[in-house]
Amino acid sequence: MGKAFEGKIEQIDANRWRIPRSNRPDMRVDGIIYSNQALIADTLSGGGVEQVANVATLPGIVAASLAMPDIHWGYGFCIGGVAATDVDAGGVVSPGGVGYDINCGVRLVRSDLPVEDVRKRIKELVDQLFRDLPAGVGVGGPFEFSRAEIAKILEGGSRYLADRGLAEPADLSVTESGGCLEGADAGAVSHEAYRRGADQCGTLGSGNHFAEVQYVEQVYDEQAAGAMGLERGKVTFMIHCGSRGLGHQVCDDYIKSLRSSPAKYGITLPDRQLVCAPADSGEGRQYLGAMRAAANFAWANRQLLLQILRQTLARFFGQSAAAMGLRQVYDVAHNIAKIETHVVDGRKMKLCVHRKGATRAFPPGHAELCDAYRGIGQPVLIPGDMGTASYVLIGAQTAMEQTFGSTCHGAGRVLSRQAAIARARGRRIDQELAAAGIIARARGRTGLAEEQPEAYKDVDAVVDCVHQAGLSHKVARLRPIGVIKG
Amino acid sequence: MARSCHIIDHPADVGLEAQADSVEELFEALAEGLADIVCPRRTVAARRRRAIRVDSPDIEAAAVDFLSAVLKAMQVDHFMVAAVKVAAATANSVSAELSGEGYDPSRHEIAAEVKGVTYHQLKVARQDGEWYGRVIFDL
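Protein chains in written order, with my numbering: chain A, 694 to 1179; chain B, 649 to 787.
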């Protein structure tokens, strides 16, 4: 159902295409899509481009409606979209600009374990992780929290877990925003959202979420890789998940409660899914408070999964986490809205930056980065499909100048779930992956079929595009050897 | 009664398209289609009943609100749905009764986690003498 874009679009350079605002009278700014020759045909035939133009109509949008090379069709906003609005000039916040899975994100852990040693026991290890990491639809986790404790998670994120002894202080310093967004309002989260997520903190969920055992296959930037502890041939672990049912319900609740806001504030929208309110209005502030609470829940979720991972690995290898050199490299959010200060046309502005399927990519020297990474730039974690590779990048200055400090978030789907299942008919995806040296386990009947490598764009082409565009630079390529899917 | 509902392909997610003689039957078809996506109804027994009522500004919002309420029953209250009976549906409200039972992991196969009911490409309209509905879910 993705509709090919029929409007005017022009190539700016090797990695950028522009949708001029002259396309439609309601566009306030241009649309700019990062892409390249390998990706542009798929991009133009999907429905995402029209959505970039739709987002360009939002009140207060600054500079351009942006899309990263992993753009694909989403709800209201495309996936891979970045939009910043001027908070002091009536700029809006839109739940559709964050998405249903608030603070879906990625956490990466490095180790000193040599891949040759782990490969010898990979089947056994994947089976153990599959037993220990709660995954699958509606599956609860081993951690139980009272409603009062959930409220503390919503307002304190990983910081609250550290107080409870469930997070290492070092984990927090290498988590975006320290694993806790200020201004979270647990009271703005509905009773239903609490109930929907109460037993899900510390669970992977389903869909495209996963835990992977990987190894560093290639290093592109020795200095940055060294600072992150990434060494060729050593094993890494990646966790990709979000705020589970709690976040989904927060999005749902606010798409409904903001329904009357466009009329109230005189906003005309081309798509009801773009429902929004001025970020500095009562409605906008309430959504931001609830969204931040769900984001904190997501950071706590990935933190608890890391706790389980540490315990499982220590038991499995009979060594302490320290002896294995297990250390979190970084944790990034890729579905979030944040109030940030950026310089636009030489003027400092307070912006509401929506990143939906896009990753923050702050450059070296940025004040928000922890000491470990201030010299090299923010680590950016890009999960690819389960048969190919994931990447570690670092943020770069061009991202600050062109994309409000943002880059891509993954490979981006090209096949619908139904099409992927149809294409997998008569095949054993697990056996195909095993033949390629990847042991995969999935809880659901169709999980491996839906998530098969063919369902995604070429992650190498996506990463090459942001690297060449200067939005972020390649540090390392990680190859999976074990996959756990919900 | 002429009533049909089928899954439609979508780039990232899943949708439903349904036709029916009345708007009540249309909403029943969409709700039962959604229930099948989450937990196939053949595994669910109609042991208990549960009333639903939503108030909405227009017929399309009513579809989203009603289906969101069905989803909430399944994913928040773990009430698995076997059948849906819509007593009345107008542009401003829907009243319905769900039949089903509490979630039992030994019998119920949860096939998908639906994050939300969206407004994207949403359509609820009377055309060519029958009611037509299309809705996309975020998986």
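One should not assume that every hint holds.
[Said to hold, decoys possible] Straight-line distance between alpha carbons at most 30 Å, and here's what the computed BS3-like set of lysine-lysine pairs gives:
{"#": "1", "chain 1": "A", "residue 1": "LYS1043", "chain 2": "A", "residue 2": "LYS696"}
{"#": "2", "chain 1": "B", "residue 1": "LYS720", "chain 2": "B", "residue 2": "LYS733"}
{"#": "3", "chain 1": "A", "residue 1": "LYS927", "chain 2": "A", "residue 2": "LYS845"}
{"#": "4", "chain 1": "B", "residue 1": "LYS733", "chain 2": "B", "residue 2": "LYS771"}
{"#": "5", "chain 1": "B", "residue 1": "LYS733", "chain 2": "A", "residue 2": "LYS696"}
{"#": "6", "chain 1": "B", "residue 1": "LYS733", "chain 2": "A", "residue 2": "LYS957"}
{"#": "7", "chain 1": "A", "residue 1": "LYS701", "chain 2": "B", "residue 2": "LYS733"}
{"#": "8", "chain 1": "A", "residue 1": "LYS1041", "chain 2": "B", "residue 2": "LYS733"}
{"#": "9", "chain 1": "A", "residue 1": "LYS1043", "chain 2": "A", "residue 2": "LYS845"}
{"#": "10", "chain 1": "B", "residue 1": "LYS720", "chain 2": "B", "residue 2": "LYS771"}
{"#": "11", "chain 1": "B", "residue 1": "LYS720", "chain 2": "A", "residue 2": "LYS845"}
{"#": "12", "chain 1": "A", "residue 1": "LYS845", "chain 2": "A", "residue 2": "LYS957"}
{"#": "13", "chain 1": "A", "residue 1": "LYS813", "chain 2": "A", "residue 2": "LYS927"}
{"#": "14", "chain 1": "A", "residue 1": "LYS816", "chain 2": "A", "residue 2": "LYS949"}
{"#": "15", "chain 1": "A", "residue 1": "LYS701", "chain 2": "B", "residue 2": "LYS771"}
{"#": "16", "chain 1": "B", "residue 1": "LYS771", "chain 2": "A", "residue 2": "LYS957"}
{"#": "17", "chain 1": "A", "residue 1": "LYS949", "chain 2": "A", "residue 2": "LYS1043"}
{"#": "18", "chain 1": "A", "residue 1": "LYS1043", "chain 2": "B", "residue 2": "LYS733"}
[Stated by the list, open to error] Computed list of chain B residues with no C-beta within reach of chain A, every gap over 10 Å:
{"#": "19", "residue": "GLU673"}
{"#": "20", "residue": "ALA694"}
{"#": "21", "residue": "ALA773"}
{"#": "22", "residue": "GLN775"}
[To be verified] Covered stretches of chain A (in silico footprint by chain B; criterion: 3 or more residues with CB under 8 Å from a CB of chain B, positions within the stretch not fixed):
{"#": "23", "stretch": "902–915"}
{"#": "24", "stretch": "944–954"}
The set of hints was computed from the structure by calculation and includes no laboratory data. On a predicted model such as this, the values are computed, not experimentally measured, just so you know. Yeah, the Cβ is synthetic: ideal placement off N, Cα and C, and Gly gets one too.
Quick rundown of the hints versus the structure:
A threshold of 30 Å between alpha carbons decides the hint, and for LYS1043 of chain A with LYS696 of chain A the separation of about 35 Å lies outside it, so the pair is violated. Restraint check for LYS720 of chain B and LYS733 of chain B: satisfied, since their Cα atoms lie roughly 17 Å apart, inside the 30 Å limit. About 37 Å separates the Cα atoms of LYS927 of chain A and LYS845 of chain A, which puts this hinted pair outside 30 Å; it is violated. Simply put, LYS733 of chain B and LYS771 of chain B have alpha-carbon atoms about 21 Å apart, close enough for the 30 Å limit, and the pair holds.
A hinted pair counts as satisfied when its Cα atoms are at most 30 Å apart, and LYS733 of chain B with LYS696 of chain A does not qualify at roughly 35 Å. Using a Cα cut-off of 30 Å, the hinted pair LYS733 of chain B and LYS957 of chain A is violated, with the two alpha carbons roughly 35 Å apart. Between LYS701 of chain A and LYS733 of chain B the alpha-carbon distance is near 48 Å, which puts this suggested pair outside the 30 Å criterion. As the CA atoms of LYS1041 of chain A and LYS733 of chain B are separated by approximately 57 Å, the hinted pair breaks the 30 Å bound.
A C-alpha spacing of about 28 Å is found between LYS1043 of chain A and LYS845 of chain A, which places the hinted pair at or below 30 Å, so the restraint holds. With a C-alpha separation of about 21 Å, the suggested pairing of LYS720 of chain B with LYS771 of chain B holds against the 30 Å cut-off. Only pairs whose Cα atoms come within 30 Å are accepted, and LYS720 of chain B paired with LYS845 of chain A is accepted, the gap being roughly 24 Å. Distance hint between LYS845 of chain A and LYS957 of chain A is unfulfilled; the C-alpha atoms sit about 33 Å from each other, more than 30 Å.
Taking the CA atoms of LYS813 of chain A and LYS927 of chain A, the gap is near 14 Å; set against the 30 Å cutoff, the hint holds. Only pairs whose Cα atoms come within 30 Å are accepted, and LYS816 of chain A paired with LYS949 of chain A is rejected, the gap being roughly 46 Å. As the CA atoms of LYS701 of chain A and LYS771 of chain B are separated by approximately 28 Å, the hinted pair is consistent with the 30 Å bound. A C-alpha spacing of about 24 Å is found between LYS771 of chain B and LYS957 of chain A, which places the hinted pair at or below 30 Å, so the restraint holds.
Restraint check for LYS949 of chain A and LYS1043 of chain A: satisfied, since their Cα atoms lie roughly 27 Å apart, inside the 30 Å limit. Using a Cα cut-off of 30 Å, the hinted pair LYS1043 of chain A and LYS733 of chain B is violated, with the two alpha carbons roughly 50 Å apart. A cut-off of 10 Å between C-beta atoms confirms that GLU673 of chain B is not in contact with chain A; the least separation is 24 Å. The claim that ALA694 of chain B is not at the interface with chain A holds, since no C-beta of that chain comes within 10 Å of its own (minimum 21 Å).
Even its closest Cβ contact with chain A, about 15 Å, leaves ALA773 of chain B beyond 10 Å, as expected for a residue assigned away from the interface. The Cβ of GLN775 of chain B lies farther than 10 Å from every Cβ of chain A, with a closest approach of about 19 Å, so its non-interface assignment holds. For the stretch 902–915 of chain A, the proposed coverage by chain B is not satisfied: 0 residues have a C-beta within less than 8 Å of a C-beta in that chain, short of the threshold of three. Restraint check on the stretch 944–954 of chain A versus chain B: 6 residues with Cβ-Cβ distances below 8 Å, three needed, restraint holds.
Checked against the numbered hints above, the structure violates hints 1, 3, 5, 6, 7, 8, 12, 14, 18 and 23; every other hint is satisfied.
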